[in-house]
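Sequences are here, hints too, so could you generate the full structure?
Respectively, the protein sequence lines represent chains X and D. Heads up: the first sequence begins at 737 in the numbering used here, then just goes up one per residue. Heads up: the second sequence begins at 9 in the numbering used here, then just goes up one per residue.
Each statement offered as a hint is correct.
Stretches of chain D that chain X covers, calculated by requiring three or more beta carbons in the stretch to come under 8 Å of a beta carbon on chain X: (1) 35-43; (2) 48-59; (3) 66-76; (4) 231-238; (5) 255-261.
Partial list, derived from the structure: chain X residues whose beta carbon lies under 10 Å from chain D: (6) A790; (7) I797; (8) D830; (9) R833; (10) R874; (11) C876; (12) D888; (13) K950; (14) D986; (15) K1025; (16) I1044; (17) A1054; (18) H1059; (19) G1094; (20) D1098; (21) E1099.
Since the hints were derived computationally from the structure, they do not count as laboratory data. On a predicted model such as this, the values are computed, not experimentally measured, just so you know. Where is the CB? At the ideal position from N, CA and C, for every residue including glycine.
Below are the chains, spelled out letter by letter.
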Amino acid sequence: MSGKPTLTYGDSSSVVPFWAKPELVSKLEKVAPHPEGTKDLARDVRAGLRSAVAHNRNVRIAVDACVHCGACLDACPAYLATGDVHNSPVGRADLVRQALKGDGGPLGRLERWFGARPLDDAGVHALATYYYQCLECRRCGETCVFGIDQADVTRSVRSVLADQGLVSRYVATVIEASERTGNNLGLPPPAIKSTIDFCRDEIKEEKQLDFPVKVDAPAYALFVPPSADFFLNLETLKGYMTFFHLAGVDYTFTTEHAELGNFGLFVDEKHLRAIADHLVGIARKLEVKFVIAGECGHGWRAFKQYVIPRLEEHGIGAAHVFHLVIDAAKRGAVKFDPTKNGATRYVYQDPCNYARGGDLIDEPRFLLERVVTNRQDSPHSRERTWCCGGGGGMLTDELMPLRLEYAKLWFDDALSIGAEHVVRPCAICKAQLNATLPKLNKARSTKVAYSGLMDLVYRALVP
Amino acid sequence: MDSVIELTVFLVLPYVTLVALVVGAAIRIRSWLSARAITGLRSVAVVPNTFRTRGVLKDLFRRVFTFYTFSNMETDRTLYVGSLLFHYGIVIVLASHLALVVPVPISAQLHSEIALYLGGASGLAAFAGLLLLLGRRVGRPRIRSVSFFDDYFAVGLLVGVIVFGLLQTLVFRPDYMDTVSPWLISILTFQPNLAPIAGVGTVTIVHIALTLIFLAYVPYGKMVHVVAYLFNPTVTRTSQPVGAEIPAPDSGLWAARPRGGPDER
Ligand code: SF4
Ligand code: SF4
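Written out as C-alpha cells, the structure is:
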C-alpha cells in the first residue's frame, strides 16, 4: 500500500482510517455484504442521513440552528490542529447539509438550480474520512451558544455509514471483539484471572496486604473496569483492588464482560445497546445489587447515560469507583498518605467524557487533593479540557499523524504550567499518552509522565 | 404607479409575509418536535452538573444574555463583541417598535425624544455590531470558508432594514404615529386600511418592504436560530446525578470489611 500519509496544514484529507472489510462488516451487521456494484451507495447514505436528521432532535437542531458563526472552529482540537475546515464542527456538519441539499422534490430542484450537487460516491468517502477525524470530544457543543453538539452528529453520521458497510476497521474490530468475548481486547478468562493474581502478588509485596479476590462469584457488587486495565494499566487495577479491600467492599470481577468501554458509543446506538445490554444481563445473572464502574471516559459516558438507566429498571444501583472512594474517605474508612506520591508536580486534565457528558469533575479533584501534595489544574480544564487526541475511535496507528497533532494541544497546556506528570483517569487517554508522550517528550526534550488516578490512590492508600 | 407600489408593499406583502411566517414556523416547529430521540442516551446536556431545572435555566439565560461561551474563545473576540452589540441593539429596537401597536401613556414630545435617543443609539449599536460580524465573516478566511449564500442574504437584508430604519429615526424623522401606526394596527386586526399611510416617504416604504421580506424569510433560513435553540436538548434538559445514593456503611456493599479494619483500630 501507499506510504505514510503526509499532513499539510489546511488539508487533513490524506489521513484516512482503514475501512473494515466486508467479512468484518457482515459479522457486525449480521447481514450478507452487498455484492459490489449492486447498490447505490450515495443514494442509500442520503436516505440514511435524512432519517437520522428526522429522528434525533439534537441532530435536527444542529443542522437547522447553526448560524455559521465559527465559534466552534476556535474550540475544536481537530480544526485547530489541522486547519482543515472540513475537519471542524461546522465544516463537518456542512458536509451533511450539502449532502441533503438538492435531493428529490421541488425544493431539491430549486436547490440544484442554485448549484447544489447531489451526493456522489466521492462525497460519501469525504464524509466518512472527515467524520472519522472527529474525536467526539464535545468541545464544540460546550462552546456553541446554541449547544450544537457535533459529536452527536458524528455518531449519527457514522451510524448511517456503518449501515452501508462503511466503518473504521479499528472500531469495527473492537466492537466485534467486545460482542464476541465481552471485552474490547478479546482477553480470555484465564488471562484476566492471571492478571488479577499477578496484581495480588505485587500488592502483597508493595503494601504487605494479602487478600482474596472474587471473580465470577456471588457478591453485593459487580466491578467493571475497562479491559485495558487488565493489560496496560496494572497500577490502576492495583488501586481498585487495594481500595476495595481496605474499605471492605464486597465485589466481584466478571470475565464475561470485563469491559467498561463501549465502542458502540462511537458508531451507533445499535452496538451501544447490544454491548451495554450484555453487561446488564451479566449483572442480573450474578444477582448483584450494585455495579461499580472503573476509570474510563467514554465508557463512563455510555455507562451513565445508557447502562445506569437500564440497571435502575431492575433495581440495581450504580456508581463510579471515585464515588465510593470519596464516600469511604469521608467516613474515615480509608486513609491516604499523599507524600507517598512524592513532590512531583501533578497536573490534572479532565477526560472529555467525564467533563462534558459524564458530570464527573469535582470528584477526581477531591481525590487528587488528598493523594498528592503538589497538584494543579491544567489551564484548559473542567469543561474546557482538551481531548487527549485518541478519542472517538481514533486510537489506531494509521491515524497517528492526526493523533500527534491533536495531542500537542493538551501537551502544551500542561507544559505551560510546568507539568511533570499528567493525570488522566481514562483508558483511552492512557493509551493515547502511552503512544504519543515518548514522541512529544523527545520533540521538546521534556520528561513528562502520565497515569490514571487510581494509580495515585494506590500509592497513597495507608494499608 | 405609486398606488401600485403602495398596494403591493402595504397590502399584499404584509399578508404574504404573515402566511409565509405562520406556515414556515409551523413546518419548522413540527419537524423539531417530531424528532424525538436523542441518539440513544438519557442525557445529552453539554453543560456539566445541570441536575435541576433551575440550573438548566440559569445556564440558558447566561448563554443567551451574556454570550459567555464566546468570551473565552481561544483567538477571536470580534464575535463576542459583535454579537453583544448587535443582539442587544436589535432587541431594544424591536421592543421600541411595539409602541406602534400598543398605546404608551406618555406625551408625544417625550415619545419622540425616546425614539431619537434610545432608538437611535440602539439602532446604531445594532448596526455597528452587524458590520463587525459581517467584516469578520468576509475578512477572516476561516469564517469566510464556512459562509454560504444564506448567511450573506439574511445579513444583507438586515443591513438594509437597519440603514433605512436609522435614516428615518435620525435623519428624516417622519411622523409615523399617525401614519404607520394606524396602518399596522389595521393590518394586524385584518381590517386593512391604507388611507393613513398613503403618501408616506420613500425611505419608510423601503424600510417596511425590506422588513416584510426579511420576516417572510425568517423561518426558511438560519434566522430560525432565534427560537430553534429552545428546542435543543443539549441546553434545555437536565442531567441525572450519580453517586448521591451510595449504599450506607452498614449495607452489604461494605460488608467485606477486613479483620481489624480501620473502624476497629
Ligand atoms: S458555534 Fe454553533 S452556530 Fe456557530 S458555527 Fe459552530 S455549530 Fe454553528
Ligand atoms: S467533537 Fe471535538 S473533534 Fe469533533 S467536531 Fe466537536 S470539537 Fe471537533
